[in-house]
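Asks: Residue numbers are given in UniProt numbering: position 763 of the sequence shown equals residue 763, and the series is strictly consecutive.
Just so you know, these hints were derived from the structure itself, not from any lab.
Where hints are given, some of them may not hold.
[Unchecked claim] Derived DSS-like pairs: lysine-lysine, alpha-carbon spacing no greater than 30 Å straight-line: (1) Lys656 x Lys717; (2) Lys106 x Lys62; (3) Lys819 x Lys757; (4) Lys717 x Lys798; (5) Lys843 x Lys814; (6) Lys583 x Lys757; (7) Lys561 x Lys656; (8) Lys843 x Lys819; (9) Lys477 x Lys375; (10) Lys796 x Lys814; (11) Lys796 x Lys844; (12) Lys348 x Lys258; (13) Lys615 x Lys378; (14) Lys658 x Lys562; (15) Lys717 x Lys694; (16) Lys695 x Lys615; (17) Lys296 x Lys372; (18) Lys694 x Lys658; (19) Lys375 x Lys348; (20) Lys798 x Lys757; (21) Lys819 x Lys844; (22) Lys844 x Lys874.
Remember, predicted model here, so these are calculated numbers, not experimental data.
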Amino acid sequence: MSKPIGSEWSVMLISILFLLNCLLFSQPCSGASFAFGDQIDEVARNGSLPDHEVRALRLLSKNLLSQDTTQLTLTYPICSTELDFEITCSCHSIRNQSVCSVTRIKLPSKNLDGSIDPSIGNFANLEGLNLFNNQLSGEIPSTLGYLQHLTYLYVKALIPCSIFRNDGMHRLCLFLNHGTMTVVNIRNLASNSLTGSIPPSLTMLHNLEHLFLSNNDLDGPIPQNLTGLQSLRILNLSNNQLTGPIPDSIRFCQNLIKIYLRLNFLSGTINENLGNLSSLMFLDLYSNKLSGIIPKELGKLSFLSFLNLDDNDLHGELPKELGSLTNLRQLYLTANNFTGAIPTTYAKLINLEEFAVGGNYLSGPIPDYFGKWVKLTKLVLIGNNFEGNLSAQTFSLPSLQRLYVQSFDASIVFNFNVKIDMKVLFNDSRWVSDVSNPGISFPEEVPEQKSLFSVILRNCKINGSIPKDIGNWSQLKYLDLSFNNLSGSVPETFQRLNKLFLTNNTLSGLPNWTNNSTSVYPTADLSYNNFNVTCENATCLGLQNVSIHPTRFFIDEMRGKKCGRRHNSLFINSGGEEVDDGKNNYHNDTSLSRFNLSPSEDWAYSYAGDYLWAKVNASTLVRNLTCEITSSKANIDNNFRLAPVSLTYYGLCLRKGKYIVTLYFAEALYSKSEDYSTSGKRVFDIYIQGMIVKKDVNIKEIPGKEHEERRLQFEVKINDGSLEIKFFWAGKGSLYNPPGLNGPLISAVSITRVPRKLHGWEIALIAVGCILFLLLLLAFMWRMGWIGDRELRETKVKIGERTFTLKQIIDATKKFSPKMELGRGRSGIVYRAQLPDLTVAVKKLVAQSNAVDEIATEVYFKKAKELKHDNIVKLLYIYSRRRLHLLIYEFMEVGSLGQVLFGTNSTVRIDWPKRFIICKYNLQGNSVGFEVSS
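Using the sequences provided together with the hints, build the complete structure.
Replies: Pasting the structure below:
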């Protein structure tokens, strides 16, 4: 038997002393719970830990709990050598002295709501720290970087760069906030609160094999220099806010076997140096902002078994070099912009289990070699432009579980004589008139299927009746045969289903279970068929979860009804309340039913379909987001109506003519970086009056500023008084991007009439009529004397033996030019009128003069004209009309009396005796004038 070493003696001694305490001094025994602080006091008394670690324990105990929380209790004793205790210690001998240190602190799910004290760095031999599933706040102290022996760390807080200075940490796993983290194996990861950028010092951990920093809020670029991570095998930076390109230095990480960079905002192209990582098996770049083409160098990754490039902005053709990846099991390329055909080299991918290329613009025939991928469980072709046939061999694949096909000009060869477990979706986004083939029919005999649980054959141009045997498939619970040309009756056997969608067909017979509201029946949409029923609302025949209304007959009657009053405009606030925007009144559109006719009966809407992944209720489809859009039309752009597949608006009672249809959009769902939905692409088609007017509409690509509404305008002609606007999801764009609510989205609809454009002959006729009317009006006004100088031309003034018109006399004054002025007085101004061989004086009276009222009378004019005296200037004519008042006198050659008397006329000299005589005779003349006027 070997002799115990010093450390073992120390452990034995501590155990003996502990036992004696229990037996002799009634001390608590192992397994009991006591206050953390009390146990620290005991450790301090017995000296089992160094003083600096005791002080660190006290500070740790003090700060892990807030002041409002009860004292932390731990299993007795602390500093146990048993690994399942909260605080574990190890002891070793240094110079024949036993030294103990804390090696593990495990306090998960203790409702800790304080912070981590920096003294944690004093536990120099700490190997593990588990503070998982608490409510700690604050930062992780930088002193954690001193713990060179740390191998695992479970915390919830922010993390500084210094924590990554430990070259001996082979696996750095930091998954916080109810996450799961182990050193050996990490699978189920939850979000945490790490923020900031990835510290460059992390790249110097030469022995690091597993780097897990997923489900955080890390931002900034991936460190550019990754040359130090030569031992790295797994890199997981998923679910962060990382930006920038994938660094070129990743080529130095030759031991990488798995790279997870999904759900970030990485940009640039896919780095071709990834093709040099010869050991790589998993590459996940889902939901980023990567652009460019898929580098052909990825075809050199012979061990690659998983490749996910979904939801990026990649374009170009699929590289044929990927056909060399014979170990590939999952290949996801959905929701990009790939074009061209699927390469023939992909026939070598015989180990594929999942192949998804939906939501792109691929074309060409569907490869026949799909039928040889015998391990295939999932095939997603939805939303492309394929042609040709989907071979029967594809349906015979023994492992196929899910088959999604949509948007291809093709016929489908049915083969139900196979036993498969699959979720099927056939969906051609084009209308019947847009395809060349006449459609398909179900086979006459449909064998029983024992594992098929969900079938979607939507808008596949399926003709004929529905085989009743489909309803007898034992596992079938979900059936969607909508948007086809199915006729006949709904089979009675469909009563056992959970969900049934047969909308937009030509079915005419209802099953008997629709006549019994108390029976068990599926949630069903049977609208837009030829059922002979009368329904007033969405609830028809008393069935709460079965939509029969509206029928095709109802829609035809609604669109063709006689209107008491027709309108020139229509405004709908999709998903919002009634609101006025300027002079336009937008109608309330907040109904949650699949079909709704407005109270005014001048518009209606309907929606159809079901989401592929998201589980929603009716309230999900009508939203009002109060602050997403900050435009002048925010009152209509901050709400929207959403639909899974099809959304149709009907404008009713509109006048015949041309209209402008304005559609307002605001992408309020694929717009948040917090849930990574900003990488999502919503793509749908727009039909007006049954004709496609805009294909592959992506709201984010409609011209407009950020946080402002986007709009599209179309001109349409209405002949029968009704207008149909349909939005249809054709399977393009994002399929999986959270929140998974693809399909059409609209914020408002505006329909305004275009003023009718006149024909040429109408314009000419109106112009001629206007000219004739104007001429007649001018002639009438001239005749009445309201315009022009007709009266002046016709008024005659006889001076001596000669006769002049009043206009001639006014023209002779040069239209009362100041140059012709002779003098001024209180009543007016006197002008000289130079007529041919004759000069007269014209006095123009001011309108405010008292003389105006006097001269206007006929009596005054008669007496004034008869007045004759040697000392009075002879009055020739009086004119007083239309604000023009004139006195025409004979002209005095030597000027006025005032000019002579007051010396302004230098040509005449008068002495004072003569002045007296003039004044005397002037008074005589005035007295004569007064006598005449009285």
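Asks: Out of the numbered hints, which ones does the structure contradict?
Replies: 3, 4 and 20
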